[in-house]
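Undergrad: Chain by chain, the residues run as shown.
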Amino acid sequence: MMIITRRLAGHLARGFVMILVVATISFFIINNIPGDPMAARYEKLVEGGMAPEAAAQAVKVLYGFQPTGSLWQQYTDFMGGLLHFDLGVSVSRPGTPVLDVLTEAAKWTVLPVLVGTLLSFLVGVVLGVYAAIKRTGKLGDALAISGSLLHGIPQYVLALLLVVIFATLIPILPADGPVDILFDPGFNAGYIGSLIEHAVLPVVTYALSAYGGWVLAMKSSVVTVLGDDFILAAELRGMKRSIVFRYIARNAILPLFTILALSLGLLLGGAVFIEKIFNYPGLGLMLIDSVNDRDYALMGGAFLLITASIIVANIVADLFYTVIDPRVRSGEDAS
Amino acid sequence: MSDTLIPEPTMSTSATMRRNFWLGVWRVMKRKPSRMFGVIIIAGFAFMGVFGPMFFPAQLPDNPNAITQPPSWAHWFGTDPQGRDVLALVITGSRYVLLSAAVTALITVVFGTSLGLFSGFKRGRWDTVLMRVTDMKLTIPGLPLLLVLATVWKFGSPIQMGLVLGLLGWGGVARAVRAQTLSLRERGFIEAARGLGLSTRHIISKELLPSMAPYIAMNMLIAVTGAVYAQVGLFFLGVLPYESDNWGVMLNLAVFQAGAMITTNALGYLLAPLLAILLLTLGIVLVVDAMDEIFNPRLREE
Amino acid sequence: MADQAPGVRIDGLTVVYKTSAGELPAVRGINLTLEPGTITGIVGESGSGKSTLALSLLNAVQPPGRISAGSVEIDGLGDVVGLAGEQLRKARGAHIGYVFQAAQNSLNPLKTVGKQLLDLGRSHGVEDLRGLVREAKELLGRMGLDGARVLDSHQHELSGGMRQRVGIMLALVLNAHLVVLDEPTTALDMITQANILKIVREVHAERGLTTLVITHDIGVVAEVADRLAVMYGGRLVEQGPTRQVLGSPRHPYTRGLIRAIPRLVGDIDEARALPGRPPTLVTVPKEGCVFRERCELRMDVCDTVDPTVVADGARVVACHAVSVKEHAS
Amino acid sequence: SGSTNKSSSGGGGGLFTTIDVNRPGLDASAPANPYNPKGNSFSGFNSMRIAWVKNHLTDPNQALPGIAASWEIAPDNSSITLKLQPNAKWSDGKPVTAEDVKMSIGIAYTQGSTAFSVTPGAAGAAAEVTVVDPQTLKITQDMANPSPKFARGVLDTAVLPAHVWSSVLPADFWDKLKAARGEGAEAEKAREEITALGQKVLTFAPPKDVSAGPFVLERVNPGEALLVKNKSFFNAANVAPAQVKFLNYTGNEQIWNYLTAGKLDASGFVAAPTDVMNRIKAAPGSEVIKGYSPVAVSMAFNQSKKPYDNVHVRRGLAYLIDRDQVTKVASPEGGTPAITTTGIHQKAAQAWIPDTLPKLDPYKPDVAKAEAEFKDAGLTKKDGKWMLADGKAWKVSMHAPAGFSDWLSAQENIKSQLIKAGIDAEVVTTTDYPLYLEELSAGKYDVGFWLMALGPAPYDIFQRLYGASNGWTNVAGKIEHSPAGKGGNWMGDPEQIEVDGAKINPGELTGKLNSATEDQAKPIMAQLATAANQDLPVIQLWDYVNNQFVNNSRFTGWPHDDEILRLGTGVLASGVWIQLGMVKSKQ
Amino acid sequence: MITGTGITKTFKQRGNVLGHREVPALRGVDFEIAKGGSASFIGESGCGKTTLGRIIAGLETYDAGDIEIDGTPMSPLKHKHRQPHFRKIQMIHQDPYSALNPTRTIYQTLQAPLALRAGQTGRSKGWIDERAAEVLSLVGLDPGTVLSRYPHQLSGGMRQRVVIARALTVDPEMLVADEAVSMIDVSLRLGILALLKDLRERLGVSVLFITHDVATARYIGGDGELYVIYRGQVVERGPVDTIIADPVHPYTQSLLSAIPVLHGLELPGEEPVVPLESLAEGQSESGCLFAARCPFRGDGCTEERPLLRVTEGVPQEHACYYPQRRSVIARPMSEV
Ligand SMILES: Nc1ncnc2c1ncn2[C@@H]1O[C@H](COP(=O)(O)OP(=O)(O)OP(=O)(O)O)[C@@H](O)[C@H]1O
Ligand SMILES: Nc1ncnc2c1ncn2[C@@H]1O[C@H](COP(=O)(O)OP(=O)(O)OP(=O)(O)O)[C@@H](O)[C@H]1O
Ligand SMILES: [Mg+2]
Ligand SMILES: [Mg+2]
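Residue numbers (this note's numbering), protein chains in the order written: chain A, 1 to 335; chain B, 336 to 637; chain C, 638 to 966; chain D, 967 to 1553; chain E, 1554 to 1889.
No lab work stands behind these hints: they were computed from the structure. From the three backbone atoms N, C-alpha and C, an ideal C-beta is built for every residue, glycine too. Any given hint might turn out to be false.
Unchecked claim - Pair ranges (Cβ atoms, derived):
id: 1; chain 1: A; residue 1: 48; chain 2: D; residue 2: 1165; range: 16 to 26 Å
id: 2; chain 1: C; residue 1: 902; chain 2: A; residue 2: 242; range: 27 to 37 Å
id: 3; chain 1: B; residue 1: 378; chain 2: A; residue 2: 63; range: 47 to 57 Å
id: 4; chain 1: B; residue 1: 356; chain 2: A; residue 2: 323; range: 43 to 53 Å
id: 5; chain 1: E; residue 1: 1637; chain 2: C; residue 2: 824; range: 32 to 42 Å
Stated by the list, open to error - Calculated pairs, DSBU-like style, for lysine-lysine (alpha carbon to alpha carbon, straight line, at most 30 Å):
id: 6; chain 1: E; residue 1: 1565; chain 2: B; residue 2: 457
id: 7; chain 1: D; residue 1: 1271; chain 2: A; residue 2: 44
id: 8; chain 1: D; residue 1: 1247; chain 2: D; residue 2: 1550
For reference, chain A alone in the conformation it holds in the complex:
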């Protein structure tokens, strides 16, 4: 327990520093973004037939509350706000605190990412074991190569192919948002069914693109464990196959759990392509939108949230390892 607390303390301290650094970086990057959102809005209004003066006034209303004051002042305000989880107010959605926008979007990212990752983890791990056991055969080769390929293919390629196939050529699955509005939100079959139907393609893409990595990782992990003496020893003691298998699986899967936690953290931010292609309104899509809208506050907030989730995932992964690996738990280094 002591070790866990100690590690946690260290991690939290480091994580906090990281967040400050990232916040600073994002603040300065974002403050240097060129392009005047006011000009664009003005153009839009004029194109829409509004008189130039009126358009100018309308724009002033919209952007009138833009931060003023010295850069340093803005910076300290920003950091001060951070301490209260105040990420400022979205520019493109006046009146809405960034945090609200983010939590709304995060909702839509977390669920499919979680499901997709866990799904791919399960399938990948099982097939990885298979690939390891059959590694000298054709099947093992096929699994490994397909794993490498799927691992190598960029997410957007997969996503595009899936859309072409399942939403365009054989239109059986929706690729337009998270749920059909006609169903009353809540715990009813229609709504949940619609949620699931809409999540199929994004989830499958996550799963497919992550699957290769799991297969490869699990394969190499199992191969390592298979070479470990204790497995042969267990067999020579006449242990049941199922028990030997459990030994293999548990030892092989251990390092993968760390990767799992990390990848969950990473995926929160890495979902950009999938969300863009499937119009899934999560953090990634929101990040793109905020970039396109020049919504500094939102952009910075999203970036910060994504980074923070990775930091948290790092910590969780480490603590998790501490809990499940007796070697680490007792303070020995398991490397």
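Chains B, C, D and E with the ligands: place on chain A using the hints.
TA: Below, chains B, C, D and E with the ligands without anything else, positioned relative to chain A:
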């Protein structure tokens, strides 16, 4: 004892060794036909990147009367919304993609390797500081950062593009190289070299680097794929300035302008760059598979 | 389950490994009998096929290896080479205990010893698991360990010597009467080694076992074994009662080996290295005597003809030179 | 003026699916507030305006009735009197009164609109709002700087329920407004305060949607918004759909997808390549209704960059570029090739300057003429390549924002046309529109694309050409000119240009259009069009067409009348058609 | 002549922010090795032998004490200036597999240090090749066949010879052989030992032999000194044969008792000493480090740590309050 015959291998020195090396590589490649295939693919892409654009006029001929055509004999992958041959676009576009990927790989590997080597070799305070920086770098998510950066910087040329991607990508390599360095450091032969008073330069360049060559080479190939994906992806998202024959722009236009998701006419326009990426991935996967054997003299000769 | 020390008869055992140069024998035409209740030691250098032989006793040669000929008859089990599936699995552990070459790593790092013991019990359908635990604690106590504490420990919490003892416990706890110990003391330091060897001897006697100890260290065999067999290049070149073999080795390899051991007392310069080096799977001669390259008594016939195994009372030697001498004398 | 169409049979029910093509990315957390840029307020559906202004070719004040059943405009444009729908009600059952409209006008002031602006000297601003009776209001124009489109500005105002929104405006708001109309520090402060109120308005989130339109917002999720019929709507009996579903989109390709799948009952125009267009048209029940959109796109020059300062170069380019081809590649359905450069949409041009139009140079593609012009400009041709007068290489560098795919297509096509003619060219993109505008007006580009001819008001049409971007600013009716490269003047035309031998100041002429009547405007328009045609600050490429996609599978009765189709920008036309009772459920 | 005084080394096992564990590996070790002489360190696993060897070879730092090489103390020198001194001391690693770079041929391995020498002394490339062949011949390998090989193409014994040859390229004054034969086939071990002995005799290279096998120590350095180390402390020190014949420290006695008896050839010693089991536990830091395991522990053993000294009637130095001779080693039957 000494004036015994000057042994035969002394004369053979580097030239033969090099020959032996390539013979060994040949053997490794021959062992699995798939590797040959991978090498052919990669060589093909390299050729395409270097010489491909020379086969086409600087301005590809367009035809406003045959825009977004489905594949045909004249145009294997059809035409784009300007009526240009899609295949020609993919080929001429490969230079940008591959050049910037090469720059990325170079920076990633040179920067990552030197940093990892330095960190692992020096250890101590330097190591701690550098690894903290690396950790931090690794924690910051690449794609979102690129999205944000894309609004600040203009990635005007493939070199600049590669530069930025390279500067974002060295973390993993540095980590891996450091780990390798730390583990090799513990090996007798590094210690022996130190004991013999060999220079740090010798130790790093002659003892450490060759042992890490497979990792570095592997990382380089992975960096190449990573860079290709990242930049094509960014262009695809449309956050980078447009280049008419860039693969990512092609994807973007195919989807968002030509309607590849809607009409089969534009499918070729979408699939051509996708296939190019897939093929490149395949080539790299197949070659990475051989990397370990190529650099390990034992596996090479067996 | 045999409640008595079983006898083992290995007959014409050949084990081959598949390599890039084809299938090569790591163990070739071995005949060896383990008398019930004895400790037999097998010495041989690295790669001489000791572990392969030991694994053959459990029909557990790992791919790419396979037993290509011969039989291993164990009292109460029959020919192990013919066993497969559940039968084979049940024989392992319950009939034959195996103590692993690198016993340091023969335990699952994630589970406590106790849990692994229970797994073992369940695997063999032991109903009285409490009894099993009691038995294990007794065994461990017998070996000088605090049973309860050890069962509660993970592998990494035990020292090398303790792990090795746990290995022995797991080999014996199901009441196996044939025990194979593959390099039981390699990588242990001197004092621990002496301790383990003592335990092996005592447990052997107390439980009435048939024991096979495999090692590359003649000293170890000399300490524990009643009979000693010497392996070289996959062949058994000499065997016999330990004291006799050590006192008057017949095979030139055995002699060379004994002479190559530096001694604590006496004239150091008597110690002499064997010339040449041990063969590998690839370099071991396909026909003729496997030792001839390094042999001081080499004759023409050695190049072409496998020396026949000549038995002389309790002693067995396979050497052309020795048989010639005997014929001469 | 017009009246509500009451002839049709009642409801029929059903789900009406549509999309707001102007607003990608529905935001579930945004309020039902028409002023919030992401607000879930769909003009024509759950957001009502006083009336629905039309893009008439020449008369900016034409409109279809909204919450005002009818109105009267004083002949001199000095006032407008509104008569509200007699049984107009909010969705919570309360009647819509003149007070509601007055408060809505107050709110419009905080946001700035054409008629309700606190910017001093703004043209066409209202002077006074008077509630005549609960059904009648009178709004008078400040005649110091009048505008012929004053009525349009008044009519085009969203109406909001006072009983929900009243807290937003302070009790002394109208006094403040009066103060703001004055001069001096006091007025300045009042204006500041009103602008500050704008923030409050912008972010105001009514606890629930209270609509005077045919529908009321039920709920929104990130993918879609659902509206249900407003039972209290004055013409509810003739509103066909029981529910309206707004689909979200993030890119055009998604709209194409909806359309080809026949999912949408109606959609505004979205640019689509020919193949996609054909697929859309082939969808069962699919129909494209062509409307008028007073916008044209042009290739604009920065005259501080050589050789674009030379009119012969611009003319040469005009002769070179085949606008038919450009349009065919870039916007085959959404645009018609410009007949020539006039600064006016060709449809409007026919109405405004029918006599002048035939006299203008059509700049038909003609290589010989182009080369002659280039030679006039001192350019030389070497090895088949055109060089600048000083012997340096010439490369036409065109800029466009990355997301504007039709512009990019057009530029790619122009590039290839130019290269064929021996002029080196390139297309450079800028990440996005805001940055594009910023860099364009900072004078960073040689050549860029520029929207213009933003009718129907004559001033709006020409101020894109001879307004701020070209150096002329209109401050309270006074025209000032800043030199090229200063004050946002990136086009850089000289202050005086020669047209048919006479020197004119196009900026001043444009300024005059702001207060001219239709008859006064016509000759000025002709003069300006001629100036644009001869001086070519831009080359007009194509004029936009406002196509509407509708589907007859579930609903019918779509209007085909050109007049009705010319609804102003920002309005979801199908919502207006529905509330007017034109759209019927298919039985 | 290489001497060490009070060499102390404590490893800090990496913990995190809140502290680390300290592992005392050496506790003030003194030693002295004459030119051309020999010394052997023996002791159980983990007693600090390797650490000491590495410190002597200049591959590890030490916390206290000092090493003098040919009269020059090392501590005051900067790292750069220490190096030439330490180059005279070459380490032969236990594991010949990892001691050679698998990616470099034997020629390349030998050439690098030779090139360095050649550069310093201005010799030609021809000299390098010649010398490479020469050192290989010195260790009994055929240069013609070995030079172009990669390490994996050689057997363990040959590899260990190459390692020794590589050490010889810098003309060392001392070789530190850390368990140099424990990973080599039994039949070949003696060959390597003989080689080291031979090098000592012919080239005057002193040898520091680190092992847990006393008999091999005797083979190489029968005329040298034996240091018995327990938990980082030298507990007995003296001429090899003296200690083997008459060990006085109970720990030395346990070590010697543990040597297997070749039953056909030898008779076991009469008073074998078996330490009380409790190696891992009770590693108390006070008093005699061995006290907890010592069957002969007496008064005061657990209070103050005995230091290495000479007492009456005992020829060798020892660190025991109750030194007593015991007959622990096996004797050849022939002698009886
Ligand atoms: N999986 C394998 N594939 C190929 N050859 C093998 C394999 N396992 C063992 N061998 C070969 O078989 C021979 C005998 O091996 P074995 O492990 O039985 O030797 P050993 O006497 O136990 O040696 P050691 O003392 O090193 O344990 C060796 O030459 C070895 O190289
Ligand atoms: N780099 C290190 N970091 C921490 N502890 C170390 C390190 N090197 C050695 N130790 C510890 O120092 C002690 C002495 O180790 P050393 O390797 O010198 O023992 P040894 O006598 O050579 O053992 P062996 O016979 O097993 O080789 C051991 O407890 C070991 O765990
Ligand atoms: Mg073995
Ligand atoms: Mg050691």
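Undergrad: Hint by hint, say whether it matches the structure.
TA: Against the structure, the hints come out as follows:
A hinted range of 16 to 26 Å holds for the C-beta pair residue 48 of chain A and residue 1165 of chain D, which are about 21 Å apart. For residue 902 of chain C and residue 242 of chain A, the hinted distance range of 27 to 37 Å is not satisfied, since their beta carbons lie about 56 Å from each other. For residue 378 of chain B paired with residue 63 of chain A, a C-beta distance near 54 Å keeps the hint of 47 to 57 Å intact. Residue 356 of chain B and residue 323 of chain A have their C-beta atoms about 48 Å apart, which keeps the hinted 43 to 53 Å range intact.
Judged by the Cβ atoms, the range 32 to 42 Å given for residue 1637 of chain E and residue 824 of chain C holds: they are separated by roughly 37 Å. Of the pairs offered as hints, the one joining residue 1565 of chain E and residue 457 of chain B holds, with about 18 Å between alpha carbons and a cut-off of 30 Å not exceeded. Note on residue 1271 of chain D and residue 44 of chain A: the hinted pairing holds, with a Cα-Cα distance of about 27 Å set against a maximum of 30 Å. Restraint check for residue 1247 of chain D and residue 1550 of chain D: satisfied, since their Cα atoms lie roughly 21 Å apart, inside the 30 Å limit.
Comparing the model with each earlier hint shows a violation of hint 2 alone; every other hint is respected.
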